[in-house]
Structures are given as structure tokens and as C-alpha cells.
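Q: Assemble the whole structure, with the sequences as input and the hints as a guide.
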Amino acid sequence: MRYSGFRVIKEALTGHKGWKPVWREPEPKAHYDIIVIGGGGHGLATAHYLSKVYGQRNVAVVEKGWIGGGNVGRNTTIVRSNYMLDGNEPFYEFSMKLWEGLEQDLNYNAMMSQRGIINLFHTDGQRDAYTRRGNAMILNGADAELLDADQVRKEHPYLNFDDARFPIKGGLVQRRAGTARHDAVAWGFARSADLHGVDIIQNCEVTGLRIENGKCLGVETTKGFIGANKVGCAVAGSSGRVMGMAGMRLPIESHVLQAFVSEGLKPVLPSVITFGAGHFYVSQSDKGGLVFGGDIDGYNTYAQRGNLPVVEDVCEGGVALMPMIGRARLLRMWGGVMDMSMDGSPIIDRTPVEGLYFNGGWCYGGFKATPASGHCFAHLLAKDEPHPVATAYRLDRFRTGRMIDEKGVGNQPNLH
Amino acid sequence: MIINHPLLGPRDASEFTYLGDASLIDRPDWQAENVSEAFYEYGYLRDNPAGEHQELWYHEAGDRSWLVVTRNTLTHEISKVELARDVARARGRSK
Numbered sequence: 001m002r003y004s005g006f007r008v009i010k011e012a013l014t015g016h017k018g019w020k021p022v023w024r025e026p027e028p029k030a031h032y033d034i035i036v037i038g039g040g041g042h043g044l045a046t047a048h049y050l051s052k053v054y055g056q057r058n059v060a061v062v063e064k065g066w067i068g069g070g071n072v073g074r075n076t077t078i079v080r081s082n083y084m085l086d087g088n089e090p091f092y093e094f095s096m097k098l099w100e101g102l103e104q105d106l107n108y109n110a111m112m113s114q115r116g117i118i119n120l121f122h123t124d125g126q127r128d129a130y131t132r133r134g135n136a137m138i139l140n141g142a143d144a145e146l147l148d149a150d151q152v153r154k155e156h157p158y159l160n161f162d163d164a165r166f167p168i169k170g171g172l173v174q175r176r177a178g179t180a181r182h183d184a185v186a187w188g189f190a191r192s193a194d195l196h197g198v199d200i201i202q203n204c205e206v207t208g209l210r211i212e213n214g215k216c217l218g219v220e221t222t223k224g225f226i227g228a229n230k231v232g233c234a235v236a237g238s239s240g241r242v243m244g245m246a247g248m249r250l251p252i253e254s255h256v257l258q259a260f261v262s263e264g265l266k267p268v269l270p271s272v273i274t275f276g277a278g279h280f281y282v283s284q285s286d287k288g289g290l291v292f293g294g295d296i297d298g299y300n301t302y303a304q305r306g307n308l309p310v311v312e313d314v315c316e317g318g319v320a321l322m323p324m325i326g327r328a329r330l331l332r333m334w335g336g337v338m339d340m341s342m343d344g345s346p347i348i349d350r351t352p353v354e355g356l357y358f359n360g361g362w363c364y365g366g367f368k369a370t371p372a373s374g375h376c377f378a379h380l381l382a383k384d385e386p387h388p389v390a391t392a393y394r395l396d397r398f399r400t401g402r403m404i405d406e407k408g409v410g411n412q413p414n415l416h
Numbered sequence: 001m002i003i004n005h006p007l008l009g010p011r012d013a014s015e016f017t018y019l020g021d022a023s024l025i026d027r028p029d030w031q032a033e034n035v036s037e038a039f040y041e042y043g044y045l046r047d048n049p050a051g052e053h054q055e056l057w058y059h060e061a062g063d064r065s066w067l068v069v070t071r072n073t074l075t076h077e078i079s080k081v082e083l084a085r086d087v088a089r090a091r092g093r094s095k
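Top to bottom, those sequences are chains A and B. Going by the working numbering, 141 is the number at position 141 of the first sequence; the sequence numbering is gapless. Going by the working numbering, 35 is the number at position 35 of the second sequence; the sequence numbering is gapless.
Simulated from the structure, these hints should not be mistaken for lab results. Built from N, CA and C at the ideal position, the CB exists for glycine as well. Fair warning: there could be bad hints in the mix.
[Unchecked claim] Stretch-level coverage of chain B by chain A, calculated; a stretch enters the list once three of its residues show a Cβ under 8 Å from a Cβ in chain A:
no., stretch
1, 10 to 18
2, 36 to 45
3, 74 to 88
[As the list claims (entries may be wrong)] Over 10 Å on every C-beta distance to chain B, these chain A residues come out as not near it, computed from the model:
no., residue
4, R2
5, W66
6, M84
7, Q104
8, D105
9, T131
10, R132
11, E145
12, P167
13, E253
14, K266
15, E316
16, G326
[As the list claims (entries may be wrong)] Pair by pair, the computed Cβ-Cβ distance ranges are:
no., chain 1, residue 1, chain 2, residue 2, range
17, A, D384, B, G51, 32 to 38 Å
18, A, M324, B, V35, 53 to 59 Å
19, A, V311, B, E77, 16 to 22 Å
20, B, N4, A, G264, 41 to 47 Å
21, A, R175, B, A90, 55 to 61 Å
22, A, D384, B, G9, 54 to 60 Å
23, B, S23, A, N229, 34 to 40 Å
24, A, G264, B, G51, 37 to 43 Å
25, A, F161, B, S14, 29 to 35 Å
26, A, F161, B, V35, 49 to 55 Å
27, B, N4, A, Y54, 52 to 58 Å
28, A, K17, B, S14, 54 to 60 Å
29, B, D29, A, G410, 20 to 26 Å
A: In C-alpha cells, the structure reads:
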């Protein structure tokens, strides 16, 4: 069923009786060409691009719970491509372009809103760093604009400009950045993959990988063994657990990131805003809630909840940046488990096990990467070679010294 | 989280900074045959278990001691806290 304005009117006039479930609930077949483990944003995007772009017709996604119930359902929905390094920026700009055409591609309203992002700077050194980053973005075909304090004041008059310690000196803006409705992204990819013949198998937990003579033959699940020529793992947050089934240790630690939403307010924030003197980022959802977050808690955990010191730290950052939100009440807060990699950048690569492929290490920037991650992982699974924009995301880069460390803090995952 | 410091008693976790897996105590021998492989694994690969985890915490806003904390990564429950010095010595480090 295609969605359109005409369809909405027709259904409205006929009592909304024509809407059907948008994906099937198939039983697993005995064998697939490709199995994707993980029915989150990246796994579903992989299935969509495998079936639609790379012509794979015999594909399954296996998900232990319900689709979209992990990190794609619990992030702060920001979409941007303001990276600096060569290994990253072409990939994220590819993702940005896919976001711009995503709703037409999926025939699904993902509420993509290019409201822009501004990264504020507070010192001369930070201005230099952001100028450099902006230039790197422009060189890679993205858009970037450097604003001085007066220009920022015109767009965001409510910010705390004249703070004694952290005066706002300006900001780096990417106008094409914005937000997207996270759940709709998962559902849109799932619907499209299903329409192109992908079996989405929910409530089917992978309990083991069947590996014989160094080759992956399929997955053991709570619904029995499912054979496959190739298995792709896209379970960021649980990567250590799933790849541990193949006996692999990863350059990844699992950490918890908390996110927060305030009560609904009238429109106050025109774009996404990040604080340069602390770690705080905020946007306003279409329902009016301020959606914000900050640092990860900083210790290994698989629990989807964090602790109070970080809550205090994030809220302090928010109030320092825009004192007006001191009056807003916190409505909800939650935590999600992140694959924090050793250089802060992701991995999309083959593994030492033949037929087993890995996609993970997204740190807390996985949402914006969803379409490109799916596209590049599908390319790798279908053609056995990396997509041109993802060639740097190798699993062995830590052994060979080719790290992609945007922040330059080294192999300390909780600092990325 | 409250970390029960062996010398100072219960302290709030916000007084500490976190380094990582306590296997970082076991720095490889720099003269060994397989030194580059050993340092790659030491520097970059982690067990990252879901469950009991031994990890290094530094009491930065306190007595500046290093601790080995045994904590469950699924529940955040702390079952054991030792001075890293004692753990390292028991493993034959710093002779």
C-alpha cells in the first residue's frame, strides 16, 4: 500500500478501515542468503538497501524483541554531517544526502526536519578549531557557516552570551542538519524492506553462531537454527555479547548514555544547539518537549539506566547555556547502551570468520548514520567489498595504527 | 553508585574517575617475542562482559588511590572493592 495525501483523504471518508499492518510476521525459513542480526535502525536499513538497491531477495532480519526497541527508539534524533576527518566526513555527508531523500525513497513520513545545528564556541582556540572543521566539511561537499556573536544573537537571543567564564563568541552552523522522527525511521525502513521481500522475524533471539572450519553457517535462535550464506551483525550496544559468540574480543566497551525530555513548551528553539564549554545538546521536538543530553556515565554497563551525577551535570550545562530552561520541568529521562569504540569511530567490516560481518562501534552518534550505515553494510554483504565512503571503518585499524580519532583522546572509550 | 573504599568507607562514585578493565594492570612484557601483538590486545581489545566486571577506579577527589572494583554491569551492584596496589602485588607486579 502506497501512502499519499489522496489515500489519507480516502481512508478518512471510509472510516479508516483500509489500513493494514505494514509488515508481515513470517516464520523463519530454513535458509537465507543473508541474515542480519538486529532489528534496529541499522539492521532494518541494511535490509532495505540489500533488497531495494542491491537486489537481494532472500534476506531475513532477526530481532530478539520487537523492532526499533533499542537505541533507535531512545536517542535524541539529531541528524548532521559536521565531522572533520577524511575517514568520517564523506561517510556522514553520504548519510546526510540519504536523509534528504529518505522519505521519498521509503514512501514514509520520517518527519525529517532540516532545522539546522549550531555548535557554539567560547574561546579563540575553539573558533580556530571550528573554522578548520567547517573548511573540512566544505571540502567534502557539506555545508558549513561560521557565525560571529552578533549573528548568533540574532538567531538565538535567549542564550547566555555574556557569561563571565564562557562568553559565546560565535558558532559553526550546518543549515542542512536537523532532526528526524526516530521511531518512524525504523518503521519506514522495516516497511520498505518487508515490501521488497525481507522476512522480519521478531521475538527471535540469536543464542549462538554456528561456525565450522572457520566459516559461519547460520545462527542458532530461540526459534531454532536458521542457515545463511552470510550473517551480518548490527546490534550496537550488544556487540560484545553477540560477537563473543564467535569467540571475538572487540575494540569496544559498552557504556550508558542518558537522554532527557522536558514537558511540552511553546516553540522556543529554532534549531539544534550544542554548548561548547560543557557537553550539552538540545533540540525541541514537534510535540514541544526539549530533548537533550550530554556525557555518557563513563563506566562499563549493559544496564539501560544511568546514575544521578550525570543528570546533574547535564542539567547544569543546560542552565549555563540557556538560563530560561531552568523553569522547565523534566518529564522523562532514560538510558541506552552504546558501543564505545577505542577511537570514537565505527566499524563496518568483514571478520576473521568467513561469512560473518560486523557493523558496530557507533559510540553515541549512530542515529545520524542510520541510512549510510545500512547502505554501506548492504554493499559489503552483497558485494564482499567495502562501500567507497566506508573504507576506513576497518576492524583491523587498531592493529595497523589507522585510527579515526575525531577528538584525539586515544584508546580511552569513555572520553570519546 | 556508592563505592565502599577499603580505607575511607562508603564514598559516592562521583568522587572517582573510571579507567577501565582491571586487566590494564597486566601490562605486557616489552621484551617478549610477541610484543606488538600483546600490546595491541592490551591497548585495544576488551572482554566487555555483561555481568561481573573487575575495573579500575581512581579516587581523584579523595585520597588518590587506585581501586579494583568488582561490579555487575547488568545491575551496577558492587560486590568487592580492593586497593589496586594489593591486587597488583598479588599478581606479582611491581617487584
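Q: Decide, hint by hint, whether the structure agrees.
A: Hints versus structure:
Residues of the stretch 10 to 18 of chain B with a Cβ under 8 Å from some Cβ of chain A number 5, which satisfies the need for three, so the listed coverage holds. Using a Cβ-Cβ cut-off of 8 Å, 5 residues of the stretch 36 to 45 of chain B lie near chain A, which meets the minimum of three, so the contact claim holds. Counting residues of the stretch 74 to 88 of chain B whose CB lies closer than 8 Å to any CB of chain A gives 3, so the stated coverage by that chain holds, three being the minimum. With a least beta-carbon separation of about 42 Å from chain B, R2(A) lies farther than 10 Å from that chain, consistent with its non-interface assignment.
With a least CB separation of 20 Å from chain B, W66(A) remains clear of the 10 Å interface cut-off, as annotated. Under the 10 Å C-beta cut-off, the non-interface status given to M84(A) relative to chain B holds; the minimum distance is some 22 Å. At the 10 Å boundary, the C-beta of Q104(A) stays outside the reach of chain B, the nearest C-beta of that chain being 39 Å off. No Cβ of chain B comes within 10 Å of the Cβ of D105(A); the nearest lies about 35 Å off, and the non-interface call holds.
Here T131(A) stays apart from chain B, with its beta-carbon at least about 32 Å from theirs, past the 10 Å limit. Non-interface call for R132(A) relative to chain B: holds, since the shortest CB-CB distance, roughly 28 Å, exceeds 10 Å. At roughly 37 Å, the least C-beta separation between E145(A) and chain B is larger than 10 Å, which holds for a residue marked as non-interface. With a least CB separation of 28 Å from chain B, P167(A) remains clear of the 10 Å interface cut-off, as annotated.
The Cβ of E253(A) sits about 5 Å from the closest Cβ of chain B, inside the 10 Å cut-off, so the non-interface label is violated. A cut-off of 10 Å between C-beta atoms confirms that K266(A) is not in contact with chain B; the least separation is 35 Å. At the 10 Å boundary, the C-beta of E316(A) stays outside the reach of chain B, the nearest C-beta of that chain being 13 Å off. Here G326(A) stays apart from chain B, with its beta-carbon at least about 22 Å from theirs, past the 10 Å limit.
Range check, D384(A) to G51(B): Cβ separation about 35 Å, and the 32 to 38 Å hint holds. At about 57 Å, the beta-carbon gap between M324(A) and V35(B) stays in the expected band of 53 to 59 Å. Roughly 20 Å separates the CB atoms of V311(A) and E77(B), a value that falls within the hinted 16 to 22 Å. A hinted range of 41 to 47 Å holds for the C-beta pair N4(B) and G264(A), which are about 42 Å apart.
For the hinted restraint 55 to 61 Å between R175(A) and A90(B), the CB-CB distance of approximately 59 Å keeps it satisfied. The hinted window of 54 to 60 Å between D384(A) and G9(B) holds, with their beta carbons roughly 58 Å apart. Look at S23(B) against N229(A): about 36 Å separates their beta carbons, and that is inside 34 to 40 Å. A hinted range of 37 to 43 Å for the beta carbons of G264(A) and G51(B) is consistent with their spacing of about 40 Å.
At about 30 Å, the CB distance of F161(A) to S14(B) agrees with the hint of 29 to 35 Å. For the pair F161(A) and V35(B), the beta carbons lie near 53 Å from each other, so the given range of 49 to 55 Å is met. Between N4(B) and Y54(A) the C-beta distance comes to about 54 Å, which sits within the given range of 52 to 58 Å. Distance hint for K17(A) and S14(B): a CB-CB separation of about 56 Å, consistent with the stated range 54 to 60 Å.
Between D29(B) and G410(A) the beta carbon distance is about 22 Å. The supplied range of 20 to 26 Å therefore holds.
The structure does not agree with numbered hint 13 stated previously, though it agrees with all others.
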